[in-house]
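Asker: Let the sequences and hints guide you as you build the complete structure.
Protein chains in written order, with our numbering: chain P, 1 to 375; chain E, 1 to 308.
Treat the hints as calculated values from the structure; they're not laboratory data. There may be inaccurate statements among the hints.
Claimed, not checked - In silico EDC-like pairs for lysine to aspartate or glutamate, Cα to Cα no more than 20 Å straight-line:
{"id": "1", "chain 1": "P", "residue 1": "K372", "chain 2": "P", "residue 2": "D119"}
{"id": "2", "chain 1": "P", "residue 1": "K330", "chain 2": "P", "residue 2": "E115"}
{"id": "3", "chain 1": "P", "residue 1": "K31", "chain 2": "P", "residue 2": "D94"}
{"id": "4", "chain 1": "P", "residue 1": "K138", "chain 2": "P", "residue 2": "E290"}
{"id": "5", "chain 1": "P", "residue 1": "K368", "chain 2": "E", "residue 2": "D281"}
{"id": "6", "chain 1": "P", "residue 1": "K175", "chain 2": "E", "residue 2": "D136"}
{"id": "7", "chain 1": "P", "residue 1": "K162", "chain 2": "P", "residue 2": "D223"}
{"id": "8", "chain 1": "P", "residue 1": "K31", "chain 2": "P", "residue 2": "D158"}
{"id": "9", "chain 1": "P", "residue 1": "K175", "chain 2": "E", "residue 2": "D281"}
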Amino acid sequence: MLKPGRLFSLLAVGLLALWVGQPLWAAEPIKIGVAGPFSGSDASFGEQLWRGAEQAAADLNAAGGVLGRTIQLVKGDDACEPKQAAAVASRLVDLEKTVAVIGHFCSSSTIPASEIYADAGVLMITPGSTNPTVTERKLPTIFRMCGRDDQQGVVGADFVVKRLNARRVAVLHDKTTYGQGLADAMKGRLHSLGQTEVMYEGLTRGEKDFNALVTKLKGAQADAVYFGGYHSEAGPLVRQMREQGMTAPLISGDGIFSEVLVVSAGGPSFVNGVYMTFGADPRHLPAGREVVKTFRANGYEPEGYTLYSYATLQAVAAALQATQSLEGDKLAQWLHGHSVETVMGSKSWDAKGDLQVSDYVMYQWDDKGKYKEVD
Amino acid sequence: MDIYIIGQQWVNGLVLGSTYGLIAVGYTMVYGIMGMINFAHGEIYMISAYLTAIFLALFSLLGIHSVPVVLLGVLLLTVLFTALYGWSVERIAYRPLRQSTRLAPLISAIGISLILQNYIRISQGARNQGVPPLLDGVFRLPADSLDHRFVQITYMQSLIVVTAFISMALLTWIIQHTALGRACRATQQDRVMANLLGVNTDRIISVVFVLGAAMAAVAGLLVTLNYGSFDFYVGFLMGIKAFTAAVLGGIGSLPGAMLGGIVLGLAESFFAGFVNSDYKDVFAFSILILFLIFRPSGFLGVPEVEKV
Numbered sequence: 001m002l003k004p005g006r007l008f009s010l011l012a013v014g015l016l017a018l019w020v021g022q023p024l025w026a027a028e029p030i031k032i033g034v035a036g037p038f039s040g041s042d043a044s045f046g047e048q049l050w051r052g053a054e055q056a057a058a059d060l061n062a063a064g065g066v067l068g069r070t071i072q073l074v075k076g077d078d079a080c081e082p083k084q085a086a087a088v089a090s091r092l093v094d095l096e097k098t099v100a101v102i103g104h105f106c107s108s109s110t111i112p113a114s115e116i117y118a119d120a121g122v123l124m125i126t127p128g129s130t131n132p133t134v135t136e137r138k139l140p141t142i143f144r145m146c147g148r149d150d151q152q153g154v155v156g157a158d159f160v161v162k163r164l165n166a167r168r169v170a171v172l173h174d175k176t177t178y179g180q181g182l183a184d185a186m187k188g189r190l191h192s193l194g195q196t197e198v199m200y201e202g203l204t205r206g207e208k209d210f211n212a213l214v215t216k217l218k219g220a221q222a223d224a225v226y227f228g229g230y231h232s233e234a235g236p237l238v239r240q241m242r243e244q245g246m247t248a249p250l251i252s253g254d255g256i257f258s259e260v261l262v263v264s265a266g267g268p269s270f271v272n273g274v275y276m277t278f279g280a281d282p283r284h285l286p287a288g289r290e291v292v293k294t295f296r297a298n299g300y301e302p303e304g305y306t307l308y309s310y311a312t313l314q315a316v317a318a319a320l321q322a323t324q325s326l327e328g329d330k331l332a333q334w335l336h337g338h339s340v341e342t343v344m345g346s347k348s349w350d351a352k353g354d355l356q357v358s359d360y361v362m363y364q365w366d367d368k369g370k371y372k373e374v375d
Numbered sequence: 001m002d003i004y005i006i007g008q009q010w011v012n013g014l015v016l017g018s019t020y021g022l023i024a025v026g027y028t029m030v031y032g033i034m035g036m037i038n039f040a041h042g043e044i045y046m047i048s049a050y051l052t053a054i055f056l057a058l059f060s061l062l063g064i065h066s067v068p069v070v071l072l073g074v075l076l077l078t079v080l081f082t083a084l085y086g087w088s089v090e091r092i093a094y095r096p097l098r099q100s101t102r103l104a105p106l107i108s109a110i111g112i113s114l115i116l117q118n119y120i121r122i123s124q125g126a127r128n129q130g131v132p133p134l135l136d137g138v139f140r141l142p143a144d145s146l147d148h149r150f151v152q153i154t155y156m157q158s159l160i161v162v163t164a165f166i167s168m169a170l171l172t173w174i175i176q177h178t179a180l181g182r183a184c185r186a187t188q189q190d191r192v193m194a195n196l197l198g199v200n201t202d203r204i205i206s207v208v209f210v211l212g213a214a215m216a217a218v219a220g221l222l223v224t225l226n227y228g229s230f231d232f233y234v235g236f237l238m239g240i241k242a243f244t245a246a247v248l249g250g251i252g253s254l255p256g257a258m259l260g261g262i263v264l265g266l267a268e269s270f271f272a273g274f275v276n277s278d279y280k281d282v283f284a285f286s287i288l289i290l291f292l293i294f295r296p297s298g299f300l301g302v303p304e305v306e307k308v
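Answerer: The structure is reproduced here in structure tokens:
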């Protein structure tokens, strides 16, 4: 015979089971991963990715979601560490069961992570990894929303040789997949323009003292310095160049495209005149006018890769809607054959997963810590 | 080879080496007295960089802009608060484990290091932080040179070298000529005996942590002002380099730490400047390995005699 107390607890357990089971009947949200450096020295780029995706998800959900379900973002912090990136990728695939992943950011993280997504048949679109290897391996579900370093390096080299008329170019990099890849692309173009660099060397990520290297640049009488790397090293590098009386311009790529460069250099006076390549600023495109307004109304300036990340989620949503499927292979197949209207205009991809059109242009920093396009 | 370039690399190495030396002092002092490495020391240095930025902001908020006043004030406050962190690390990670196995405090120090790093990451953000330049100006030799034919040292860099040597001299004086220093040396020689003869060794160990942290704070302030930016991860690489310097100089020896720092700084500068900066760290750590094999007691260390 059951005692009343025990009967009550049985009832309670039964009710609890019902309550837990409840969400199974409602439409579950579609999980999409956002992976990138949310900690570490590249965290400002991670914030750009997250802000863009977050706003895109909010806008999509406000418009009724995708396939009648809402979109739920899952954060994956790789700190730009390749090992951590692989662990994050496994977690997003196996544990979170994400349908697609926006990310990663550093090429050295994206490349190992993409193998895991490709094996699991999960769609991955990186908003910002520019190293050619990301798509050169022809993994079917891997795409990117940005250009490639072999395009970016060419624009950089052409600018250095044809616009700056530099004859003694030094090429530096930070020994990462991205930095060295970009420096190599730039160097290759330099050679095909009939020039050889006066110096080609790497520095160590995480260090602040590059004085010995700067003195060496002076000794080599470099009249332009190209740097493949991120802002946390570019800042101290350009500061020490100026402190040692070097006036040669510094030219870099999308890795320094963040206002945190000014902080890394310790003041706007040091970054004055620095050049960098990046895609044509998406904030000026008519397609994104409304979205940029929303960002600014929320007190956030959508710089760098923010709108790239927004557009990436739009592409994922478009593929989901068109195929009515959650399978990575089908989504990828659809993206290879169709163009998507995004906040950055119409985008379409080739067989490798690269954008059909990429549009690198040169920007220059001024003495107030702002940058604008060089015309 | 250009004489100006060689001269400039001497300056670069000396400045870099002075900062290594200041941090190495903390490693060497703790090792001397406890016979173990304080793995949280790099994090103490990192925290002093944040404190520097906080106090600089405080001073400019209060409307104090005179450079010497700001420098001295920030230095004093940073040293004070960093020393507090050093003292707490000893109280939390070392003192409760005084009687346990030799490896236990080592592990708890690594734990403290992780806690401090992530505490700063969460409370201050993972982004790079920066401070505006405080001291502008440069000494050049020859002063009227055109082009690139000169050797220079900025005011900030000269301040680093001068301060490093002054604080080293001060510390050496404390250890060699004061009652406190005598107690430190006694504790280093034989902790049990010193205790029996009335030296409060627990307090002395605290003092050593405080002194080490104070030197790291001096380095943190100078480095932050010189390079202008830092993040929560700067303590890691700097800690490893300073530890290398302490071993090179002979761990346990105060002048050795400074000497080791300067040798390491010069070696790095000359290798990066005249050979290849890609392999600068490989070169620095190769020196460390060679020393560990052929002269484990470093430049000025005394070979350890097995206690019976």
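Asker: All hints, please: hold or fail.
Answerer: We went through each hint and held it up to the structure:
For a cut-off of 20 Å, the pair hint linking K372 of chain P to D119 of chain P is broken: about 41 Å separates their Cα positions. About 18 Å separates the Cα atoms of K330 of chain P and E115 of chain P, which keeps this hinted pair within 20 Å; it holds. Under the criterion of a C-alpha separation no larger than 20 Å, the hint pairing K31 of chain P with D94 of chain P is consistent with the structure, at around 12 Å. With a C-alpha separation of about 35 Å, the suggested pairing of K138 of chain P with E290 of chain P is violated against the 20 Å cut-off.
At roughly 36 Å between alpha-carbon atoms, K368 of chain P and D281 of chain E are farther apart than 20 Å, so this suggested pair is violated. A hinted pair counts as satisfied when its Cα atoms are at most 20 Å apart, and K175 of chain P with D136 of chain E does not qualify at roughly 32 Å. Of the supplied pair hints, the one linking K162 of chain P and D223 of chain P holds, its CA atoms being roughly 14 Å apart against a limit of 20 Å. Proximity of K31 of chain P to D158 of chain P is assessed by CA-CA distance (about 43 Å); at most 20 Å being required, the pair is judged violated.
Proposed proximity of K175 of chain P and D281 of chain E is supported: the alpha carbons are some 13 Å apart, at most 20 Å.
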